[in-house]
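Peer 1: Okay, here's what each chain looks like letter by letter:
Protein chains: 2
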Amino acid sequence: MTKRAMLSKDHPCRSCDVSAEALCRALDVETLADFRNQGGRLHLTAGQTLFHQGDPADCVFSLTSGVVKLYAILSDGRRQIVAFLFPGDFVGFETQQSHGFAAEAIGDTTLCRVLKRRFEWFVDHYPALAEARYRRATAELAIAQERMVTLGRQTAAERLAGFLSDIQRRAGFRGRDGANLVPLPMSRGDIADYLGLTKETVSRELTNLRKARVIRSHSLTLIEILDPRGIGALACGIAA
Amino acid sequence: MTKRAMLSKDHPCRSCDVSAEALCRALDVETLADFRNQGGRLHLTAGQTLFHQGDPADCVFSLTSGVVKLYAILSDGRRQIVAFLFPGDFVGFETQQSHGFAAEAIGDTTLCRVLKRRFEWFVDHYPALAEARYRRATAELAIAQERMVTLGRQTAAERLAGFLSDIQRRAGFRGRDGANLVPLPMSRGDIADYLGLTKETVSRELTNLRKARVIRSHSLTLIEILDPRGIGALACGIAA
DNA sequence: CGTGCCGTTGATGCCTATCAAGGACCGTGG
DNA sequence: CCACGGTCCTTGATAGGCATCAACGGCACG
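One line per chain: the protein sequences are A and B, in this order.
In terms of UniProt numbering, the first sequence has 25 at position 25, counting the first letter as 1, and numbering is strictly consecutive.
In terms of UniProt numbering, the second sequence has 228 at position 228, counting the first letter as 1, and numbering is strictly consecutive.
Keep in mind the hints are simulated off the structure, nothing from the lab.
These numbers were taken from a predicted model, which means no experiment stands behind them.
Treat the hints loosely; a few may be bogus.
Same chains, same label: a pair holds when it works inside one copy or across any pair of copies.
[To be verified] Result set (SDA-like, lysine to any residue): computed pairs, CA atoms no more than 25 Å apart in a straight line:
1) K116 / V214
2) K116 / Y71
3) K116 / E146
4) K211 / A57
5) K199 / T155
6) K116 / Y134
7) K116 / A139
The whole structure should be built from the sequences, with the hints applied where relevant.
Peer 2: This is how it looks when you write it as structure tokens:
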């Protein structure tokens, strides 16, 4: 049994099943309880925004269920989705005063919220949390830099293959027959805006992969990867 | 007089004129001297690489003069430059074991090198340095995310305008007649690989800006911005 | 059972890449 | 000092990949 089980029976963190990499995990049990009591729990339904571009960034959030998109909108309506956030991801721990991007729920979503000032108090007093926060920041930086390569230099097919690999790694699961299943809770338009393409191109490339028997669609929001090597070969590109 | 003047007369950091945001500035004088003695100074000439993709990341570097490009190469030779580093910038403070990108000097370059283990010892013992390192990481993350927008959604003209604005902010200076001068030490090919374009397109867009009297070329590596508002109008895009 | 949103597919066009040639600049060596 | 070669930049012609425009189909919802 993990220390986690020692939380009082009705403490929300007790049943929190976010991935082991969540920043909260850097805290021991009593501290976690303390930390958790600083904030509140938040529910969002599809399309609700957590914050807009330019909003003051005075809270940090830990996503416990659902998927959130982080995006920028240009003056003429063009949109770029900077990241999809999955359970276990943190939002808002950047040092800027205001949010550079908007955050919006893709489906039903729950988050934990803590005032940033509180969060920083904990960071100052618990080196493990500071360390975890720093590791998270550099990990995200590395991801962001990889995405520059994707957006700057890859073709539509490569982008989509890379995207499917990523989602599989972060949210993929096995069917009872061992099938390699990948959920796609976001719309085609969202995928397009994430990859710097249009929804039509995303749709076309998906059918290409389908025709090539690399993937199979179980529904609009659930695909199966039939040929992981094929996906990998397309996606890789990077490094010699 | 700043505390800096208290460094022993021949201490290398004494004459170091990197921008005030360099991480070293988080340390007080004696500590800085101590810190500085851990490493060495490094000189590179045009085209020399500091490290390759995949090299073990066991040193951190502080750029004191010159410009360095950080880039990835895909298996078929496509290249994406992830960042240009200017004096005051730090390299290699990410948490990964190996470098995800290669670093190469664009012209003559000098850097300070410190073993990462040493650096981390200082981070552990000087909270101000930890704080500065964290701020730097999140600042770079924000920049990387902005660049996703550029690479994913902006046109060639917008990318170039944004690029010129950025370089002006980071390395621009005034001529004796007040001219708004921007150095371009990197080649057109480098700019192209930074912006996700080709060198031909970069060249064409530069001549467009020239014909539109938005910029003027003093030489291949030095341009003058005649119409900052024009550049800004093109570059902005972001936010309504 | 209609209505609307989302996804797919097709036809067309545009932006930028690619291919190609000429020109400017620079360092070298005669 | 000038000729020379190489590299980088510029400019033009053409092509291709993806966007745009448009129509249709499926699915969810009222």
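Peer 1: Going through the numbered hints above, which ones does this structure break? Give me the numbers in ascending order.
Peer 2: 1, 4
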